[in-house]
Amino acid sequence: MALTRADVVHVAHLARLGLEEDELARLEGQLNHILDQYAKLAELDTDDIAPTAQTIELESILRDDVARPSLDAPTALANAPRRDGDFIVVPAIIGE
Amino acid sequence: MTALLRAGAFRAREIAEAHLANAERQNHALNAWLSIDRERALGEADAADVRLDAARRSGPDAVAALPPLLGVPVALKDLVSLKGGQATAGSRILEGYRAPYDAHITERLREAGAVVLGKTNMDEFAMGSSNEHSAFGPVSNPWRLDAVPGGSSGGSAVTVAAYHAPLAIGTDTGGSIRQPAALTGIVGMKPTYGRVSRYGIIAFASSLDQIGPFARDARDAAMLLHAVAGRDERDATSAPVPVPDDLLHLPASDDEAAATLRGRRFGLPREYFVAGMEPGSERRIREAVAALEAAGATIEDVSLPHTDYGLATYYIVAPAEASANLARYDGIRYGFSRRGGDVLADYVATRGAGFGAEVKRRIMLGTYALSAGYYDAFYLKAQKVRTLIKRDFDLAFASGIDALVAPTSPTPAFRFGAKLADPVAMYLSDACTLPVNMAGLPGVSIPCGLSDGLPVGLQLIGPAWSELDLLRIVRGYEAVTADATWRSLEPAELALADDPSGPTPAERAAAARVGTAR
Numbered sequence: 001m002a003l004t005r006a007d008v009v010h011v012a013h014l015a016r017l018g019l020e021e022d023e024l025a026r027l028e029g030q031l032n033h034i035l036d037q038y039a040k041l042a043e044l045d046t047d048d049i050a051p052t053a054q055t056i057e058l059e060s061i062l063r064d065d066v067a068r069p070s071l072d073a074p075t076a077l078a079n080a081p082r083r084d085g086d087f088i089v090v091p092a093i094i095g096e
Numbered sequence: 097m098t099a100l101l102r103a104g105a106f107r108a109r110e111i112a113e114a115h116l117a118n119a120e121r122q123n124h125a126l127n128a129w130l131s132i133d134r135e136r137a138l139g140e141a142d143a144a145d146v147r148l149d150a151a152r153r154s155g156p157d158a159v160a161a162l163p164p165l166l167g168v169p170v171a172l173k174d175l176v177s178l179k180g181g182q183a184t185a186g187s188r189i190l191e192g193y194r195a196p197y198d199a200h201i202t203e204r205l206r207e208a209g210a211v212v213l214g215k216t217n218m219d220e221f222a223m224g225s226s227n228e229h230s231a232f233g234p235v236s237n238p239w240r241l242d243a244v245p246g247g248s249s250g251g252s253a254v255t256v257a258a259y260h261a262p263l264a265i266g267t268d269t270g271g272s273i274r275q276p277a278a279l280t281g282i283v284g285m286k287p288t289y290g291r292v293s294r295y296g297i298i299a300f301a302s303s304l305d306q307i308g309p310f311a312r313d314a315r316d317a318a319m320l321l322h323a324v325a326g327r328d329e330r331d332a333t334s335a336p337v338p339v340p341d342d343l344l345h346l347p348a349s350d351d352e353a354a355a356t357l358r359g360r361r362f363g364l365p366r367e368y369f370v371a372g373m374e375p376g377s378e379r380r381i382r383e384a385v386a387a388l389e390a391a392g393a394t395i396e397d398v399s400l401p402h403t404d405y406g407l408a409t410y411y412i413v414a415p416a417e418a419s420a421n422l423a424r425y426d427g428i429r430y431g432f433s434r435r436g437g438d439v440l441a442d443y444v445a446t447r448g449a450g451f452g453a454e455v456k457r458r459i460m461l462g463t464y465a466l467s468a469g470y471y472d473a474f475y476l477k478a479q480k481v482r483t484l485i486k487r488d489f490d491l492a493f494a495s496g497i498d499a500l501v502a503p504t505s506p507t508p509a510f511r512f513g514a515k516l517a518d519p520v521a522m523y524l525s526d527a528c529t530l531p532v533n534m535a536g537l538p539g540v541s542i543p544c545g546l547s548d549g550l551p552v553g554l555q556l557i558g559p560a561w562s563e564l565d566l567l568r569i570v571r572g573y574e575a576v577t578a579d580a581t582w583r584s585l586e587p588a589e590l591a592l593a594d595d596p597s598g599p600t601p602a603e604r605a606a607a608a609r610v611g612t613a614r
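From first to last, the protein sequence lines stand for chains L and R. The numbers in our numbering rise by one with no breaks, and the one at position 78 of the first sequence is 78. The numbers in our numbering rise by one with no breaks, and the one at position 94 of the second sequence is 190.
The shape of chain L in the complex, shown without the other chains (with noise of 0.2 Å):
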């Protein structure tokens, strides 16, 4: 099952890249190299084999509802790229 080209400009919309002509051209040929490894896989009978999604057995930790200090508000804004006081800044998406 190749992934044709229209195929990798669908995946890229889905992940939100944007890639040039030469980067999709390019990913092309090697995602098709690299799913064509992934085929192996299929030699092996897993009908019956619970999936692994953690190794290691961890119960669930549930902590209590209590308000505790977090980041201020200076600290937590302080890496944004567009800013306005307490705020990001950030193009219209509604009311245009």
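Rather than coming from a laboratory, the hints here were simulated on the basis of the structure. Be aware that one or more of the hints could be misleading.
[Claimed, not checked] Selected chain R positions facing chain L (Cβ under 7 Å, derived; list incomplete):
1) Pro196
2) Ala332
3) Ala408
4) Tyr443
5) Thr463
[To be verified] Beyond 10 Å from chain R on every Cβ pair, some chain L residues (computed):
6) Ala2
7) Thr4
8) Arg5
9) Ala6
10) Glu23
11) Glu43
12) Asp65
13) Val66
14) Ala67
15) Ala78
16) Asp84
17) Gly85
[Stated by the list, open to error] A short list of chain R residues far from chain L (calculated; beta carbon distances all over 10 Å):
18) Glu203
19) Glu389
20) His402
21) Leu546
22) Ala602
Even for Gly, the Cβ is constructed at its ideal location relative to N, Cα and C.
With the hints as your guide, set chain R onto chain L.
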């Protein structure tokens, strides 16, 4: 070093200054550091000296009660948050970002008295096996300056191999501590998943990432691991498993260390001696196994039949998790930002310009593997095969062996550019390490000699939570090979890094690419 510091033979400031001098003199040629904070480091060293002086005045009990790493320099991979310091993760998209808080391990290192010298170069977002995928240029291997140091923690490995720091922190998602440790001739350990809190570490693949130490020997690695390991409630995957204090008490005498190898049972997984393995590397591994046998251990052939599926499984699971983790780089809240017009266009433009080629490749793979219609065929299938890989290890350890003994890397350090054009060939560099991450187990790479002048790494893999036992075995191996000639060899081209007019790693890499094109 700690003994000399405590005895007053050296001041922490002298030790920090000596390492900083090496780092500042040679970084032009090695590019192992992304930032060196001399002022902060010397401040921390001075503070350590004040405490050392006070303790010496109070007597031996006060000296014995000092934290273990007091005054010892440490290098941090540049994805560890250090409040107010840069944390680029080797990516353009985090250029200019300053961490607003300390990572858990940064806090722990402070408590242990360590002196942080700076942040080390790395493959972008820890994706890579050669450290050629950093947005800030490649890192050179001090054993051969036109060869890679391994990745993704290549910068951290080189700081230790080149005597810029006695200890360094790395992260290992598919071999990123063990493989560069092997290629630069030092000790590097990936602990059990959950052993070290990942709070404050920039994420790559959350079910695989683990933080670990680089050091010159087992005892130093054990001290650094002891300092950073243990439960932290801010990381839900950090396990409530006690950290053995015996990590601070590995045998000092070679006789005692060698004795711990007697009666041990080691498994030799036949699948790890892959076709295409470099013959010199295989010879060194077989010699190391023979040395363990000569010390009184028994070696048993074992089979881990699903090893061959590790690569495909890893390159589905890791990119899938990465594509989710890296969705947060939107150009709005922090880091690099590029305008595209509306919010979506800003997002697309920022990510397109901010991420490098390898990161884009993996985001694309991960997005595809998780996309509608392919989830079952790729991601779910891979998670099931992951169960089979883990089961192979469980069965091997259930038979009573203490550890598996294997190569860390199929080849020693390769030249810049040698595998860049073929991602699959590059990914094969991690074939011997990534099954360990898939199973969440601890593994350590230790030097076991040279092939054609380049270091070869021996990998030891243990059951979950067996770090202390693994490091005891490593200490035993160090004892029985203490007189080996290769132990006294220095990185062959390190002295060349002193030349301020010599080429940078980026220039060496460019020259290598021209060479391959011909």
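Each hint, compared with the structure:
The restraint placing proline 196/R at the interface with chain L holds, with a minimum CB-CB distance near 5 Å, inside the 7 Å limit. The criterion of a C-beta within 7 Å of any C-beta in chain L is met by alanine 332/R, whose closest approach is roughly 6 Å, and the hint holds. The closest approach between the C-beta of alanine 408/R and any C-beta of chain L is roughly 5 Å, which is under the 7 Å cut-off, so the hint is satisfied. Interface hint at tyrosine 443/R: satisfied, since its Cβ lies 5 Å from the closest Cβ of chain L, which is below the 7 Å cut-off.
The beta carbon of threonine 463/R is positioned within 7 Å of a beta carbon in chain L (closest approach about 4 Å), and the interface hint is therefore held. Distance to chain R confirms alanine 2/L as a non-interface residue, since its nearest Cβ pair spans about 12 Å, more than 10 Å. With 10 Å as the threshold on Cβ separation, the claim that threonine 4/L sits away from chain R holds: the shortest Cβ distance comes to roughly 12 Å. Residue placement check: arginine 5/L keeps its beta carbon more than 10 Å from all beta carbons of chain R (closest about 13 Å).
Residue-level check passed: alanine 6/L sits 13 Å from the nearest beta carbon of chain R, beyond 10 Å. Here glutamate 23/L does not stay apart from chain R, with its beta-carbon only about 7 Å from theirs, under the 10 Å limit. In this structure glutamate 43/L is not separated from chain R by more than 10 Å, as the shortest Cβ-Cβ distance comes to only about 8 Å. With a closest Cβ-Cβ approach of about 15 Å to chain R, aspartate 65/L is found to remain outside the 10 Å limit, as its non-interface label requires.
Listed as outside the interface, valine 66/L is consistent with that label: its C-beta sits roughly 13 Å from the nearest C-beta of chain R, beyond the 10 Å cut-off. Chain R leaves alanine 67/L outside its interface by the beta-carbon criterion, the shortest separation being 16 Å against a cut-off of 10 Å. For alanine 78/L, the non-interface assignment is contradicted: its Cβ lies about 6 Å from the closest Cβ of chain R, within the 10 Å cut-off. Taking the minimum C-beta to C-beta distance to chain R, about 13 Å, the non-interface status of aspartate 84/L holds against the 10 Å cut.
Interface exclusion of glycine 85/L from chain R stands, the closest Cβ pair being 16 Å apart, more than 10 Å. Every C-beta of chain L lies more than 10 Å from that of glutamate 203/R, the closest at about 15 Å, which supports listing it as non-interface. With 10 Å as the threshold on Cβ separation, the claim that glutamate 389/R sits away from chain L holds: the shortest Cβ distance comes to roughly 31 Å. At roughly 8 Å, the least C-beta separation between histidine 402/R and chain L is not larger than 10 Å, which violates its mark as non-interface.
Chain L leaves leucine 546/R outside its interface by the beta-carbon criterion, the shortest separation being 32 Å against a cut-off of 10 Å. With a minimum CB-CB distance of about 21 Å to chain L, alanine 602/R clears the 10 Å threshold, and the non-interface call stands.
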